[in-house]
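Use the sequences and the hints to build the structure in full.
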Amino acid sequence: MKKSSLRHFFLIFCSLAGIVGIFSIRMIDPLKTVSRDGISMDTVVRMTASAAKTESELDEILEGAFGLLEEMEKKFSTHDPNSEISAVNAASGAEWVKISYDTYAVLASSINAARLADGAFDPTVGAVTLLWQKKLAEGKIPEDGEISEAVRKTDFGKLSLSAPDGAFLDISGGAIDLGGVAKGYASAAVRDYLRKNDVTSALIDLGGNVAVMGGRAERGEAKRAPWRVGIQHPAKPRGAPICVLEISEGAVITAGVYERFREVQGRRYTHIFDPRAGRPVDGELESVTVVSNDPTQADALSTAFMVMGRDASLRLLSVIPGTDAVFVSRGADGYSVTATAGLEGTLKPSADEVLVEFADVR
Amino acid sequence: MKRYDPALYAILALIFALSCAYVPLAGRGGGEMTIEVVRDGKTEFRAPLGDVPEMLEFRGPEGYNAISSVEGVRMVSADCPGGDCIRAGTIKNAGESIICLPHRLTVKLTKESASEMDAVSY
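For the protein sequence lines, the chains are A and B, in the order given.
Residue 242 in numbering that gives the first Met the number 0 sits at position 243 of the first sequence, with consecutive numbering throughout.
Residue 49 in numbering that gives the first Met the number 0 sits at position 50 of the second sequence, with consecutive numbering throughout.
If you're looking for bench data, these hints aren't it; they were derived computationally from the structure.
Be aware that a few hints might be false.
Straight-line alpha carbon distances no greater than 25 angstroms define the calculated SDA-like cross-link-like pairs of lysine to any residue that follow [said to hold, decoys possible]:
# : chain 1 : residue 1 : chain 2 : residue 2
1 : A       : K235      : B       : V75
2 : A       : K347      : B       : M116
3 : A       : K31       : B       : D117
Next comes the structure, spelled out in structure tokens:
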């Protein structure tokens with residue numbers, strides 16, 4: 000009897016020691032996580048970063064990331080007459096302008112995306128957007144002549160770059176507008192900066208343009224969980240998703256018409272323009288979300304796909320490796336979601352009435 | 000010698016059950032909805048939704064906002080030029096937010112829970 004209770008005691012002791020051991024591994028987890036909210040590039044920014052560093056070190060790193068955004072806003076803004084883009088626009092049709100690395104890189108990526116999308120995305124669409132913004136603000140619609148004049152001034156083929164620091168827009172009165180690509184580029188730049196500073200896990204949310212890396216770091220978990228990124232429901236308040244995507248690495252970038260539009264004479268005019276027609280997009284697509292490892296390209300393609308429509312976009316996606324997309328359309332009986340087959344298993348509907356259909360494009 | 004001591008197995012079973020319960024419980028807070036008002040990245044107000052007055056007023060360098068928390072949260076008044084925050088309507092669920100960009104103000108509902116989303120792309 001004595002021998003057996005000793006053995007019982009030993010067994011209980013071992014189990015307790017084992018449990019205490021498991022708990023203490025969770026306690027001494029060296030990974031720290033810091034989040035920071037702010038407003039930059041005309042939008043709400045949130046960043047979360049995890050690393051084997053102190054919280055104050057992480058704070059400093061995120062402070063630096065916000066500094067990067069401010070720098071890029073100063074270079075890319077079309078509202079700021081002192082930005083590099085404004086300088087290229089002011090010299091359009093006249094002369095070359097010296098630009099920084101960031102501006103060179105974002106313009107180079109924009110030209111590539113414009114070629115890929117055959118002009119459905121165009122960084123030189125500024126003449127069109129400016130015309131519509133001005134007219135809609137006055138409660139008017141531009142006349143056909145004005146529209147064709149603006150379309151004539153839109154041509155990415157006339158935007159020339161000279162490595163490493165020159166740009167020339169050879170259209171008199173033409174204007175670059177990086178609205179469809181600046182935030183994607185900025186999130187890529189912030190992601191690279193965080194990596195360089197040994198951040199192992201991060202989420203960067205630039206006004207709904209989301210980039211993630213390293214999976215979601217959770218206390219004491221050896222294996223990281225994927226990040227859960229929602230795709231906005233067109234008819235619900237900000238933050239209410241139609242689908243949720245699980246993703247550890249990459250960018251989730253949405254272009255949508257449900258949020259920013261103006262009404263003139265009972266008709267809705269969105270802020271996304273078809274550069275070739277010189278008019279706001281007007282189809283059944285409510286939004287397009289592009290999922291890719293290249294946030295800059297994802298941003299440009301999300302805009303291009305809104306212009307091209309779902310079927311043409313799916314055909315183009317068949318030749319772009321590593322890129323997936325989610326199309327949210329408005330139909331007679333509610334919203335429907337079509338996604339590329341690459342997202343099967345990681346994209347789930349979050350509203351009961353929504354059906355997600357997967358399309359095999361490869 | 001008694002080979003199967005029921006007390007011993009009861010204790011072992013209890014320890015096992017407790018350690019299983021610990022995993023899902025860890026990291027999960029209460030289920031109470033919290034309203035948070037953030038201006039320019041700094042939290043200006045944060046309280047459980049059940050404890051806030053029906054009307055909340057905020058004055059900042061850019062202007063004035065009034066938030067109603069009767070049956071959901073909505074912006075009822077703001078002196079910003081666009082009024083997008085008022086048109087944003089009522090939010091009721093965790094993760095939803097109203098943004099007044101000109102006043103650099105965000106109103107959001109949050110809830111501590113394991114199945115939350117980390118972000119929403121829009």
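Outcome of the hint check:
In summary, the hint linking K235 (chain A) to V75 (chain B) is supported, as the alpha carbons are separated by about 18 angstroms, within the 25 angstroms threshold. Between K347 (chain A) and M116 (chain B), the direct Cα distance comes to roughly 12 angstroms. Compliance with the 25 angstroms bound is thereby established for this hinted pair. A C-alpha spacing of about 17 angstroms is found between K31 (chain A) and D117 (chain B), which places the hinted pair at or below 25 angstroms, so the restraint holds.
Violation of the numbered hints given earlier is absent; every hint is satisfied by the structure.
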